[in-house]
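*Asks:* Chains as they are written, first to last, in our numbering: chain A, 9 to 339; chain B, 9 to 339.
Hints were generated in silico from the structure; no laboratory data involved.
Small disclaimer: the values here were computed from a predicted structure and weren't measured.
Errors might be hidden in some of the hints.
Pairs count within a copy or across copies, as identical chains cannot be separated in the list.
Mimicking BS3-like on lysine-lysine, the simulated pairs with C-alpha atoms at most 27 angstroms apart in a straight line are [claimed, not checked]: (1) K148 - K25; (2) K30 - K148; (3) K25 - K100; (4) K30 - K156; (5) K156 - K180; (6) K114 - K25; (7) K180 - K315; (8) K290 - K100; (9) K180 - K148; (10) K68 - K148; (11) K180 - K114; (12) K290 - K114; (13) K118 - K25.
The primary structure of each chain is shown beneath.
2 protein chains.
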Amino acid sequence: MAEFSIIDQFCRDIGPKHSSTKLDIGDDAAIIRPDHGTELAISVDTMVSGVHFFEDVCPKRLAHKILAVNLSDMAAMGASPKWATLALTLPKADPEWLAAFSNGLKTSAKRFGLQLIGGDTTQGPLSLSLTVIGTLPLSKALVRSGAKVGDDVYVTNTLGDAALGLALLNGKLELSPDSSAHAIDALETPEPRNEFGQSLLDIATSCLDVSDGLIGDIEHICSQSAVSIEIDFESLPLSSAYQEYINANSLDPRSISTLNYALNGGDDYELAFTAAPEDAAKVFNRANECELSVTRVGQIIERESHKVYLCSNGARLNLESSDTKSFEHFS
Amino acid sequence: MAEFSIIDQFCRDIGPKHSSTKLDIGDDAAIIRPDHGTELAISVDTMVSGVHFFEDVCPKRLAHKILAVNLSDMAAMGASPKWATLALTLPKADPEWLAAFSNGLKTSAKRFGLQLIGGDTTQGPLSLSLTVIGTLPLSKALVRSGAKVGDDVYVTNTLGDAALGLALLNGKLELSPDSSAHAIDALETPEPRNEFGQSLLDIATSCLDVSDGLIGDIEHICSQSAVSIEIDFESLPLSSAYQEYINANSLDPRSISTLNYALNGGDDYELAFTAAPEDAAKVFNRANECELSVTRVGQIIERESHKVYLCSNGARLNLESSDTKSFEHFS
Chain A
9 MAEFSIIDQF CRDIGPKHSS TKLDIGDDAA IIRPDHGTEL AISVDTMVSG
59 VHFFEDVCPK RLAHKILAVN LSDMAAMGAS PKWATLALTL PKADPEWLAA
109 FSNGLKTSAK RFGLQLIGGD TTQGPLSLSL TVIGTLPLSK ALVRSGAKVG
159 DDVYVTNTLG DAALGLALLN GKLELSPDSS AHAIDALETP EPRNEFGQSL
209 LDIATSCLDV SDGLIGDIEH ICSQSAVSIE IDFESLPLSS AYQEYINANS
259 LDPRSISTLN YALNGGDDYE LAFTAAPEDA AKVFNRANEC ELSVTRVGQI
309 IERESHKVYL CSNGARLNLE SSDTKSFEHF S
Chain B
9 MAEFSIIDQF CRDIGPKHSS TKLDIGDDAA IIRPDHGTEL AISVDTMVSG
59 VHFFEDVCPK RLAHKILAVN LSDMAAMGAS PKWATLALTL PKADPEWLAA
109 FSNGLKTSAK RFGLQLIGGD TTQGPLSLSL TVIGTLPLSK ALVRSGAKVG
159 DDVYVTNTLG DAALGLALLN GKLELSPDSS AHAIDALETP EPRNEFGQSL
209 LDIATSCLDV SDGLIGDIEH ICSQSAVSIE IDFESLPLSS AYQEYINANS
259 LDPRSISTLN YALNGGDDYE LAFTAAPEDA AKVFNRANEC ELSVTRVGQI
309 IERESHKVYL CSNGARLNLE SSDTKSFEHF S
């Protein structure tokens, strides 16, 4: 099957046609005309078979996930996702797989308001690389460098579910059918927090997504804002699936290793952000409007020798270096 | 070696810092603020080891090529390249390879005026996917749909050299050292025609790059402009290396198969474009200013049963389907 044919059949008409899109798939490049008074946020993420997903993963779910992981970067900037280009590398052109993948892209892109304006299909080991472009009001982006001493630290939803899902698929643990489905859904069809990210534009002082694990990722806020963070160990939001994992295995809920999936698991496309204490009510109101739970998990403190401190009942826990190992490629 | 470390060491400070770049590598997304009155051209291209390049290719040359193939799409739109995101998938983090690759990126990005504003490094089989963003004056892009009956058809520089280079590296033919170097350079370090593409904004009626082979690619102009094209077989511009290939192998210069590399070879990052006959002097003047050779190779005719006709001394040649097979992935 020829490249032109793949693009024609499976990559056209993905997502809404924005009026600011002047030319989409079919020329040497797409053309967009951003509105005056806007900035563009641009981000790229790649997923490789055998590294980021199982080779036999449902193509519809894979399509959702490559969009979701990129949209999560837009959410973390408070940007409205608008356009994407997809580089799709396939071992062979399997029309059945492509049709399912394309349907998944259509469904998820429509829901997220994202238009696919460019694509490149090549032959090789299965991988997907998506570049996403979103719009922002001028100078309003939620960057990592604005956290202030005294700010509260929040995370959305629950942590560690995707890592639980991966452990389930790898046969490392067992959970009830409901909890298993919840954790595997968290891994395979994460929900980017775009609506909520955009609602934080005038509230959050810093924001990022914790896709590489909470501890490893929030260190970036510390580095770029020149602060440290105290995380309240008991406050970390856990799903009922995570609670079942703790209970069924008789784990000590006060042990750091018990919360390893939540602290360092990765693949959670949740936001961690900071806001001034006087904005706490606004934070919870916006979350409520987005039907999303948000938990205050810590606070920003003056920069100390470590970036992140885990605290239990007000006392700092001693962290081994293995306790703060976030997900790393090439580690 | 950790992902953060790879990005920090090898992906920062690639290319000029444009004043319209508000945030580059280091956050969840980059932020750009396009000038009012401009449009953006966006394109993506992927190169996979063993498909698009030899695994042991010089990393500096590989860096040049992934930029050049993408910039060629910008040239074909008449856009000024400004920003890029790079998804780099590597089997392992080899600091020596990465340093050479990064140096190559720096050198070529600086020369092309392209700033790397985003990157993602993942582990997997070696491949590179670059999304490039360029700027254009409003509604001026060189699209494929504007060719008019009577327009002249031009190509830049010479055709078939990259395919000759590939045949040389595959041991399928031999040429003199000078010709070999020329052909392998054409394959590994192609020169995108951005300056010339931009100079065509008020002249060309349609334009594309012929990276998949002249015949296959100009069919897109026919489809999108609803015309056919007559190509003058004797006018196709050939390098002295190509002439040496013809002479050394005693090939019939009037045989279509002799010109197969030039007609269908692919990996030539030259422009094919159309312009009204009265603009011929302008075309050659602009080419001259860009120190680039341009050749008139045919003309646009009313749409007939075939899209492209090869003509010799005014008579149409009979084409076998194998004569017009352009480079296709998954073919």
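*Asks:* Going through the earlier hints one by one, which of them does the structure break, listed in rising order?
*Replies:* 3, 5, 7, 8, 9, 10, 11 and 12
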